[in-house]
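K.L.:
Please put together the full structure from these sequences, using the hints given.
2 protein chains.
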Amino acid sequence: MKQLFITDVSPRDGLQNQALHLSTQDKRWLIEALSDSGIPRIEATSFVSPTGVPQMADAADLLAAVTGPASDKLCVLVPNSKGLFRAQDAGAREICVVLSATETMNQRNIRMGMAQAVSACLDVLQQAQEAGLRTRAYVAVAFACPFEGQTSPDLVMQLSKQMADAGADEVVIADTIGAAHPSQVSNLMGDLINTMGADRLGLHLHDTRGLGLANAWAAMQVGVNRFDSSAAGLGGCPFAPGAAGNLATEDLAWLAHESGYETGIDIPALLQVVEGLSMRLKKPLGGRSYAWLKQHFSKVSAEPHHALPGKQA
Amino acid sequence: MKQLFITDVSPRDGLQNQALHLSTQDKRWLIEALSDSGIPRIEATSFVSPTGVPQMADAADLLAAVTGPASDKLCVLVPNSKGLFRAQDAGAREICVVLSATETMNQRNIRMGMAQAVSACLDVLQQAQEAGLRTRAYVAVAFACPFEGQTSPDLVMQLSKQMADAGADEVVIADTIGAAHPSQVSNLMGDLINTMGADRLGLHLHDTRGLGLANAWAAMQVGVNRFDSSAAGLGGCPFAPGAAGNLATEDLAWLAHESGYETGIDIPALLQVVEGLSMRLKKPLGGRSYAWLKQHFSKVSAEPHHALPGKQA
Numbered sequence: 515m516k517q518l519f520i521t522d523v524s525p526r527d528g529l530q531n532q533a534l535h536l537s538t539q540d541k542r543w544l545i546e547a548l549s550d551s552g553i554p555r556i557e558a559t560s561f562v563s564p565t566g567v568p569q570m571a572d573a574a575d576l577l578a579a580v581t582g583p584a585s586d587k588l589c590v591l592v593p594n595s596k597g598l599f600r601a602q603d604a605g606a607r608e609i610c611v612v613l614s615a616t617e618t619m620n621q622r623n624i625r626m627g628m629a630q631a632v633s634a635c636l637d638v639l640q641q642a643q644e645a646g647l648r649t650r651a652y653v654a655v656a657f658a659c660p661f662e663g664q665t666s667p668d669l670v671m672q673l674s675k676q677m678a679d680a681g682a683d684e685v686v687i688a689d690t691i692g693a694a695h696p697s698q699v700s701n702l703m704g705d706l707i708n709t710m711g712a713d714r715l716g717l718h719l720h721d722t723r724g725l726g727l728a729n730a731w732a733a734m735q736v737g738v739n740r741f742d743s744s745a746a747g748l749g750g751c752p753f754a755p756g757a758a759g760n761l762a763t764e765d766l767a768w769l770a771h772e773s774g775y776e777t778g779i780d781i782p783a784l785l786q787v788v789e790g791l792s793m794r795l796k797k798p799l800g801g802r803s804y805a806w807l808k809q810h811f812s813k814v815s816a817e818p819h820h821a822l823p824g825k826q827a
Numbered sequence: 515m516k517q518l519f520i521t522d523v524s525p526r527d528g529l530q531n532q533a534l535h536l537s538t539q540d541k542r543w544l545i546e547a548l549s550d551s552g553i554p555r556i557e558a559t560s561f562v563s564p565t566g567v568p569q570m571a572d573a574a575d576l577l578a579a580v581t582g583p584a585s586d587k588l589c590v591l592v593p594n595s596k597g598l599f600r601a602q603d604a605g606a607r608e609i610c611v612v613l614s615a616t617e618t619m620n621q622r623n624i625r626m627g628m629a630q631a632v633s634a635c636l637d638v639l640q641q642a643q644e645a646g647l648r649t650r651a652y653v654a655v656a657f658a659c660p661f662e663g664q665t666s667p668d669l670v671m672q673l674s675k676q677m678a679d680a681g682a683d684e685v686v687i688a689d690t691i692g693a694a695h696p697s698q699v700s701n702l703m704g705d706l707i708n709t710m711g712a713d714r715l716g717l718h719l720h721d722t723r724g725l726g727l728a729n730a731w732a733a734m735q736v737g738v739n740r741f742d743s744s745a746a747g748l749g750g751c752p753f754a755p756g757a758a759g760n761l762a763t764e765d766l767a768w769l770a771h772e773s774g775y776e777t778g779i780d781i782p783a784l785l786q787v788v789e790g791l792s793m794r795l796k797k798p799l800g801g802r803s804y805a806w807l808k809q810h811f812s813k814v815s816a817e818p819h820h821a822l823p824g825k826q827a
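For the protein sequence lines, the chains are F and C, in the order given.
Here the numbering used here is used: the first sequence runs in plain steps of one and ends on residue 827.
Here the numbering used here is used: the second sequence runs in plain steps of one and ends on residue 827.
Keep in mind that the hints were calculated from the coordinates and are not lab data.
Possibly wrong hints are sitting among the right ones.
One copy or two, either will do: identical chains are not told apart, so a pair holds if it fits within one copy or between any two.
When the alpha-carbon atoms are kept at most 35 Å apart in a straight line, the in silico DSBU-like pairs for lysine-lysine are as follows [stated by the list, open to error]: (1) K516 to K808; (2) K813 to K516; (3) K675 to K596; (4) K813 to K797; (5) K796 to K808; (6) K596 to K516; (7) K675 to K808; (8) K796 to K516; (9) K516 to K675; (10) K596 to K813; (11) K596 to K808; (12) K797 to K808; (13) K796 to K813.
P.N.:
Next up, the structure:
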């Protein structure tokens, strides 16, 4: 059976721009519940400036709090060497770095030009590798940039190659603002797979314009089998206008299961995570398939008292 | 440029199970507004029993009311010979018939077994052709049936061939309950195109489980270029539990436009139709991309030289 490897990014990409800040204990619940539902990797937090992103200020405490099988599945985002050192101190074993594929996005996001951003990224990758950490390198705004429009696929190919050559264990192509369409995804991801194979290549999709699952399917068709998604579709980059709405993990897992891919994810358990998140963030949440999945799995389960979706009914 | 031919079914499939019944004048507005937005064909109404589907009781009055270019784009659903005669009397020039691909669905929907349903369908097709009408034949519950589960692709192939051999101008494969997944769609539609070509083959998708656009994309990849969809995603078959939510025309048109297909549809004009529908049905409506499209196109019209995707909440 074909495998799909899903990294849930809701604790980081999802929570980082929520108005309501979850407590460290609630984040711990989220991470452990995601792990219990079968998610194989979880982007737990980021070691960014607590002033810039106060939602992530408890990064070190959170890593210390997570126990059990979940603690082996965590990766954390680091923006620079300082973040890397903090992550190392906190016991992180896998980090990710983010490089934007356009000049303006790098300027707006980290106040660096492209050349400087690439160099900083490569430095952090090298330092992380020397420290024995596993590494993921994101190429952000890889399809379109909110400031520059369409992103050059050639540049994305070049940056991806630089990150792969620098030894990144995984290169993740990110549609940060959810602006990609399926033929773009097929073309770019197909070219990347031809260059670097599928084993080290991931795709991070948003669903801003309703094309999330169509893009995921297009990518799966050219052989992509590593995806980021976010429970309940929670998320969006606070620095990228129009980025709201990650691809929902329940949507992706459902597409995968229906299409004969193994993900290791127990969908009813994942739906309970969405429900728990919704309760804690005090708002209705859930991906495109959520209402239907809730109803479907409550019918097939032996729990007649199980609540029907209250949200999109 | 590749063409996508979209039939909007909101006046029929969309309105037939709304609690609030639109007046004939409001339906006329809908049909003419859809036509003005560039939709090339519109499923206007059905000549079914006014007792069974009171929302469609004004079928003849509606056909008489529609004027202008829209009147050349209409097709109407007829359940049987009696419906066909009523449609003819009302001046219909294109009709569609529906044959369900499972025994139980035929029983529940029209109280006939499969053999009898096929025979009735072929009779109506022949009568319509003799009367000089253009014909479309739907094969419903073609991927899954709410009563029988997975539908046999071989049976769908066989029924489609029967309808094509009987001279149906178009055979439309319908995922009546929105249960198809993309690999199923690729396989069945690919096989059908190999057998009967793409020119007479359509696909009617629902979006019940969030897979509507992924299914559409999978179909486009194997060469399907004729689709049904419904403005605002309005619709769902009243006889099929779990069928709520047609594929939204604005979602499909947006996917098509983004992917380099020509549809002839002016998306901002289509968004105004959705808005008008929402007002008339007194509830919020819109497909998966609607909120984003509204924001996007209002910015595009305000700042024609620099269209940025807007920040979403």
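K.L.:
Look at each hint and say if it fits the structure.
P.N.:
Each hint, compared with the structure:
1. K516 to K808: within (25 Å within a copy, 38 Å between copies)
2. K813 to K516: within (28 Å within a copy, 43 Å between copies)
3. K675 to K596: within (25 Å within a copy, 67 Å between copies)
4. K813 to K797: For K813 and K797, both the intra-copy (24 Å) and inter-copy (28 Å) Cα distances are at most 35 Å.
5. K796 to K808: Answer is both: 18 Å inside a copy and 27 Å across each meet the 35 Å cutoff.
6. K596 to K516: neither (39 Å within a copy, 51 Å between copies)
7. K675 to K808: Answer is neither; intra-copy 41 Å and inter-copy 38 Å both fail.
8. K796 to K516: neither (37 Å within a copy, 46 Å between copies)
9. K516 to K675: Result: close both inside a copy and across copies, 26 Å intra and 33 Å inter.
10. K596 to K813: neither (50 Å within a copy, 39 Å between copies)
11. K596 to K808: Neither: 43 Å inside a copy, 42 Å across copies.
12. K797 to K808: both (17 Å within a copy, 23 Å between copies)
13. K796 to K813: For K796 and K813, the Cα distance is within 35 Å both inside one copy (26 Å) and across copies (31 Å).
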